[in-house]
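K.L.:
So the sequence lines, in the order shown, correspond to chains A and B.
Position 30 of the first sequence, counting from 1, maps to 30 under my numbering, and the rest follow consecutively.
Position 144 of the second sequence, counting from 1, maps to 1144 under my numbering, and the rest follow consecutively.
Note that these hints are calculated values from the structure, not bench results.
Model, not experiment: these values are computed from the prediction.
Some hints could be false.
Within a straight-line C-alpha distance of at most 25 Å, the following computed DMTMM-like cross-link-like pairs (lysine to aspartate or glutamate) qualify [to be verified]:
hint, chain 1, residue 1, chain 2, residue 2
1, B, LYS1045, A, GLU154
2, B, LYS1105, A, GLU205
3, A, LYS155, B, GLU1070
4, A, LYS105, A, GLU205
Residue strings, one per chain:
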Amino acid sequence: MEQNERLKLLKKILLTEEKEVTDSLIADVEKLSNTLNQPHELAQKIDPLIDSKIKKLVDDMPKKLSPVITSALKAEIKNSQDAVVEALFPIIGKLIKKYIAHEIKLLNEQINAQLKKAFSFKNFFKSIFRKKDMGSEIIANSNQASVLQIFVIEKASGILVAKYAKEEFDTMDDDLIAGMLTAIKSFVEDAFKMGGQNLETIVYELYTLHIQSFHNYYVAAVVSGTYTNEFKDILEDKILDFAEKGISKEDINNSEIFSSRLKTYFSEQII
Amino acid sequence: MSKLSKKIALVGPFGVGKSSLFRRFIDDAFSEDYKSTLGVQIQKKVIQMDNGTALSMILWDTEGHEEISESRSSYLLGSHAFIYVFDLTRIDTYKNINDQIVFLKSNYPNVLLKIIGNKVDTVVLKRVKKSLKEHNVNYDCLTSAKTGENVAELFVDIAVDLTN
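Extracted from the complex, chain A is given alone in its bound form (with noise of 0.2 Å):
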């Protein structure tokens, strides 16, 4: 074999394989450069990654937004109270407005009632001799007080011995209530050692609880309305009238009759 001949094979055999390597490279540079040159082919290969990225995106957004939205909302309020209170103002106000004027249309009618009533024939006549201003009492018989509910319970034991209600007017069991009030009475006289004191009144938002106690028991009277101390006044002679007229030994002992006495005398309106 000649020098030529050999040099030839040797180089046949050295690079027939960095030949094909080569070639493998050649087209797969022209296939990406024709993915690359070509829309939709590109748009085929991008297409899913986007997706899928924006996707993950919106999952996350709240989870990572969050805490950043809400401590910049936290730290703008602060920064600016005036600016959100005028924000918020236009809107609160109109629903403070609007339970306002409710309630002004609510005590409108009843005064307006109230002076109708006060107005009649017969209410003038009473008028010339009344001492009291018609205005005032208006205003408070908008609101009157009136007994909801009536106990006479046992002073030592707590045990109910008589007890009117209003018929829309019910509560629990009249014996718990009987001997949770008895509980709570002798705390409140026992906690604040006073000598000899007795707890007069519970307040309930709307209601007042009246407690008058007498030698074996006390009265407990449910009142709603304004609890003035008019009422309180006349409610108590009521109460001290009742004990003295309307309780004898043996209504103590019978129930039954103690409670239909007690309806009959507490059943109407008090003033």
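Add chain B to chain A, keeping to what the hints say.
P.N.:
Just chain B now, kept in the frame of chain A:
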């Protein structure tokens, strides 16, 4: 049908199971969770007696005191019956029981008194009876609020005694 109401106060040291007896009788339930009673809790159960009387048992479950004299007297006043409860597993709840009984009987005469050993489900009866004898404890009944043993019977006995 006549109606009658009676106040029954549960008294005794801390953690003897007064509230558990109370709950077993009222709701027929029991809980292992121990919650100390503060002040008093009141519940009612109506028992229909054989003589036609509907007896309202107003139960006052009072807070525990080592000495009955420390109990708030206003919670005990006017009671028609006392249930003095001690713990069969704790000697300290019954070793001085006779002093407590003397106090109750002298300050609240004519009030029915039942002395109850509770938690009978957790003791060896023979051994505990020996211990009770050694400490001169005259009990009326041994109960278990956990299993309900003798609980209903205790309250029915009291109801019968109060209506007779």
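K.L.:
Hint by hint, say whether it matches the structure.
P.N.:
Structure-based check of all given hints:
no., hint, verdict
1, B:LYS1045 - A:GLU154, "holds, 19 Å"
2, B:LYS1105 - A:GLU205, "violated, 44 Å"
3, A:LYS155 - B:GLU1070, "holds, 21 Å"
4, A:LYS105 - A:GLU205, "holds, 22 Å"
Consistency with the previously given hints fails for number 2 only.
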